[in-house]
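Since chain A is already given, all that's left is putting chain B on it; use the hints.
Chains as they are written, first to last, in this note's numbering: chain A, 1 to 404; chain B, 1 to 474.
Worth flagging that the hints you see were computed from the coordinates, not collected in a lab.
Any given hint could be a false lead.
[What the hints assert, rightly or not] Some but not every residue of chain A turned toward chain B, in silico, with C-beta under 10 Å:
| id | residue |
| --- | --- |
| 1 | R139 |
| 2 | V155 |
| 3 | G167 |
| 4 | K172 |
| 5 | Q174 |
| 6 | G176 |
| 7 | G177 |
| 8 | R192 |
| 9 | P195 |
| 10 | E313 |
| 11 | G316 |
| 12 | P317 |
| 13 | V354 |
| 14 | R374 |
| 15 | V387 |
[Stated by the list, open to error] Across the chosen pairs, the derived CB separations fall in these ranges:
| id | chain 1 | residue 1 | chain 2 | residue 2 | range |
| --- | --- | --- | --- | --- | --- |
| 16 | B | Q323 | A | H103 | 35 to 45 Å |
| 17 | B | T436 | A | G22 | 32 to 42 Å |
| 18 | B | I221 | A | V76 | 44 to 54 Å |
| 19 | A | A276 | B | S244 | 24 to 34 Å |
| 20 | A | A102 | B | N87 | 57 to 67 Å |
For every residue, glycine included, the Cβ atom is placed at its ideal position computed from N, Cα and C.
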Amino acid sequence: MTPGILGRIKALGLGGSEAPDGRPRVSPDSVDGLAAVLGLANEQGWKVRIEGARTWMPADAPADLAVSTERLDRIVSVAPSDLVAAVQGGATRRAVAERLVAHRTWVAIDAPGSPDRTLGSILATGTTGAVRHRFGPLRDQVLGTTVVTGDGRIVRAGGVVVKNVAGFDLSKVQIGGFGAFGVIAETNLRLRALPAGRRTLLAIGDLDLLANAARALVEAGVDAVTVELVSPATTGSASWRLLVEIAGTEEGVLAEAERARRIGADLVWEVLSGPAGAAFQSAIAEAALDGPVTIRLGVLPQSIPEVADLMVERLGPGRQSASAGRGGLRWTGHPPPEALIALRHQLAAREIPVTVERAPWSFRAKTGHFGAFREGVRPLSDRVRAVFDPTGLLMAPLEGPGDA
Amino acid sequence: MNPTAADLGAELAAIVGTRWVKIRDAERRTYEGDGLPTHASVPMLVVLPGSTDEVIAVVRRLAARQVPWVARGAGTGLSGGALADPNAVLIPLTRLNRIISIDPVNRRAVIEPGVVNAKLSEAAAPYGLLYAPDPSSQTACTIGGNVAENAGGPHCLKYGATTSHVVALDVVLADGTLATLGSPQGEPWGPDLVGLFVGSEGMFGIALGITVRLEPIPAAIRTLLADFMSVRAATEAVGTIIESGVVPAALELLDQACIKAVEASIYAAGYPTDAAAVLLVELDGTESGVRADSVVVEALLHRFGARSVRSAESPEARAKLWQGRKKAFGAMGRIARDLVVQDAVVPRTALPDLLDTITALGRQYGLTIANVFHAGDGNLHPNICYDHRDPELRQRVEAASAAIMKACIAAGGSITGEHGVGSDKIDYMPLIFDPTTLATMCAVRRAFDPSESANPGKVVPLHYCREWRPGPLA
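Next up, chain A with everything else stripped away, as it sits in the complex (with noise of 0.2 Å):
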């Protein structure tokens, strides 16, 4: 069967190769290409799982087709003075980033893992990191996509303007939709201007002591970039880590810094200089692949001490890191699926969604990403996905055999 599928991919005049396992891939170098390879598999009923630098998600599904977008990586225009970027999919965050160092900005995405990682991948995937307390998720750092869906048609949502309700915004459910929507081939970014200053203070304490010294920040309105809970397994230490980052200008990252020590007087505070506290949040970033499962719960600020407890107690330790102030908590470490989906269920109770970041297919297949579905979200999500990939080829299992 590869031959036949490769031979018909090579028609095209695309290329193609072998994956690992055997499997064909192709490796579209265009929008365009990308769609015609979609719509031939579409054509052909060839099932097609999206691969990106994989660095992340493990390039396993049972395809007949891979298809990697590790050659649409082109950094396609950068505008500074309009803080506006267009990338496309399978660029890393390194590269993205070191481009925008260039005009003096970044964009709020400090997803966890290697930075060769794709924005593709960390877009579908929907993982956040800890920069999200001071300027929200995924989806307030992306203005508009261009999606190619499972049948080969070209999709292009929202705009390069920083604000726009013109139509309806089909960018958010490629974000976090874990490529079952199509395929982000292209996005165009909200950038930041760089910040002149930068300090991180660390404190090391138990959960609860930490927990409530984050609280008092929050509450203190102290202009934090980063709130972030850090478990003792991730940073190979023997207790918990609170990281608060803060970025400014010099003088306001100064005053800014003493002020929280100040609130958080009860705590030991280690300061990092902008370069150290960087290699402290990669090291935390890489410590998101030291187990082959990733989960993020939606759990609320209050509810996180005890939710990461009971992350331990059903699951193992793992690596934990959580965003005090804004909720949510990501785990990594190797559960059974049926552990996790029991403990899916219980949080559901309590209206904490659990969603698998990274896996396995084997766990996947059994877990889904999603599952323990609150009311009228499953029909809904299947009909959306009919839209975007109508013979369902795009390997992406989003729920559980079990889960309705």
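Just chain B now, kept in the frame of chain A:
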């Protein structure tokens, strides 16, 4: 009276009570328009449910009778989005006005759709919190309407529009089924259906319960008024402030026509009437942060030719400066009998040239166009003055509006930043979206409302909705 309407009115009265069904001509005419004076349509009848159960029962009854319907908030919209045709039932939701809960620790509120925007911030204030989206109509508009339109406002520059503040929705779909979208924290139970629903202009269903994020009231606020002798200089200052890294809470521009209207009205704010434009710059945050940002902003304002920069020295002075801005549309009633408040967005760097273009178009069409807008995010509001009784003048207004839209699109912008497409801008949609994308929007709408009975005929021109339908589920 249409007997079908009479029968239907009786059925709906059985659900909500006779008092809350409006079938007489004069009653229905009350609901023929919204805040946009160029469009009007009298609904078949009007039904005002008083509870979520009544809304659900009304929608189910209308689904059974295959009657289209339009949900409406306070009717302050500016795109003709909540107008119902004579064959459709209008469902105002203003009686569902309860703030169900406020959770100050997690900074959440759960409300019904008819809660007036400003009332939520009033209720949250004792906890040191506020609801950030603040459309100019915030003392009248409802949050349900804000959800439908993804409403913005001056402070969305820093805090984002409605979509950034809604974390969960309990909705009823057009077939009467219920769905719980999102979660109190904001993480969805599946794909981001909340994000899809917000801004769907009432075409996906009705939000019955809305969970929103609240923001802390800033510890420090500084409001600056800078006046310029040229609009271009003012708009160039805007771009430079944003590029500097300072993120003002709001950054608004009023041009001379608008300044004069405000200063001649009861909303006089002390804007200098000989200025070509004023910028209202609000900085908020911590004491030290606001102090540092003020130094940067004031220097930039002077560098770009501000004749003077003054700061509101008291909450009363700040309120006065904002009153002039927020009531500017009302003040312009002094200039002309009617006013079309247009809405478009351009990249910020395009603002100086766009303002020149709008001025030229005003001259070309012989119209007075006053500008008061959210300059910080490039969201223009050209206000076109006219008298709706003059058909020739109306035609010129339409032509000028179209020309402004096309200029904004040519500059890389969009046809609406916060008012929505509604009826008003539906014909411009093919100018910014290709047929495939428009057809996909229609298909997504049908995923929520296969019968296309919720707010029919808005947002996407009908013929784009007939070209492509999804295949069977895999």
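- Against chain B, run the beta carbon of K172 (chain A) and see if the smallest gap drops under 10 Å. 3 Å, holds
- So, R139 (chain A) near chain B? Judge it on the closest CB pair being under 10 Å. 6 Å, holds
- Message: A range of 35 to 45 Å was offered for this pair. Does it hold for the Cβ distance of Q323 (chain B) and H103 (chain A)?
- Response: 39 Å, holds
- Holds or violated: is there a CB of chain B closer than 10 Å to the CB of V155 (chain A)? The hint holds - V155 (chain A) has a Cβ within 10 Å of chain B, the shortest such distance being about 5 Å.
- Is the hint on R374 (chain A) kept, meaning its closest Cβ partner in chain B is under 10 Å away? With a minimum Cβ separation of about 4 Å from chain B (threshold 10 Å), the hint on R374 (chain A) holds.
- Message: Does E313 (chain A) hold up as a contact with chain B if the rule is Cβ-Cβ below 10 Å?
- Response: Check failed: Cβ of E313 (chain A) comes no nearer than 21 Å to chain B, outside 10 Å.
- Query: Would the hint on G167 (chain A) stand, with a C-beta cut-off of 10 Å toward chain B?
  - Reply: Hint on G167 (chain A): holds, closest Cβ of chain B at ~5 Å, below 10 Å.
- Task: Go ahead and decide if the range 44 to 54 Å is satisfied by the Cβ distance of I221 (chain B) to V76 (chain A).
- Result: Given a distance of about 39 Å, which is not inside 44 to 54 Å, the answer is violated.
- Could you see if the CB distance from T436 (chain B) to G22 (chain A) stays within 32 to 42 Å? 35 Å, holds
- Message: Would the hint on V387 (chain A) be counted as holding, given a Cβ-Cβ threshold of 10 Å to chain B?
- Response: 4 Å, holds
- Query: Between A276 (chain A) and S244 (chain B), is the Cβ distance one that fits in 24 to 34 Å?
  - Reply: The hint (24 to 34 Å, Cβ to Cβ) holds, given that A276 (chain A) and S244 (chain B) are roughly 27 Å apart.
- Query: Any CB of chain B closer than 10 Å to the CB of P195 (chain A)?
  - Reply: 6 Å, holds
When each numbered hint is compared with the structure, violations occur for hints 10, 11, 12, 18.
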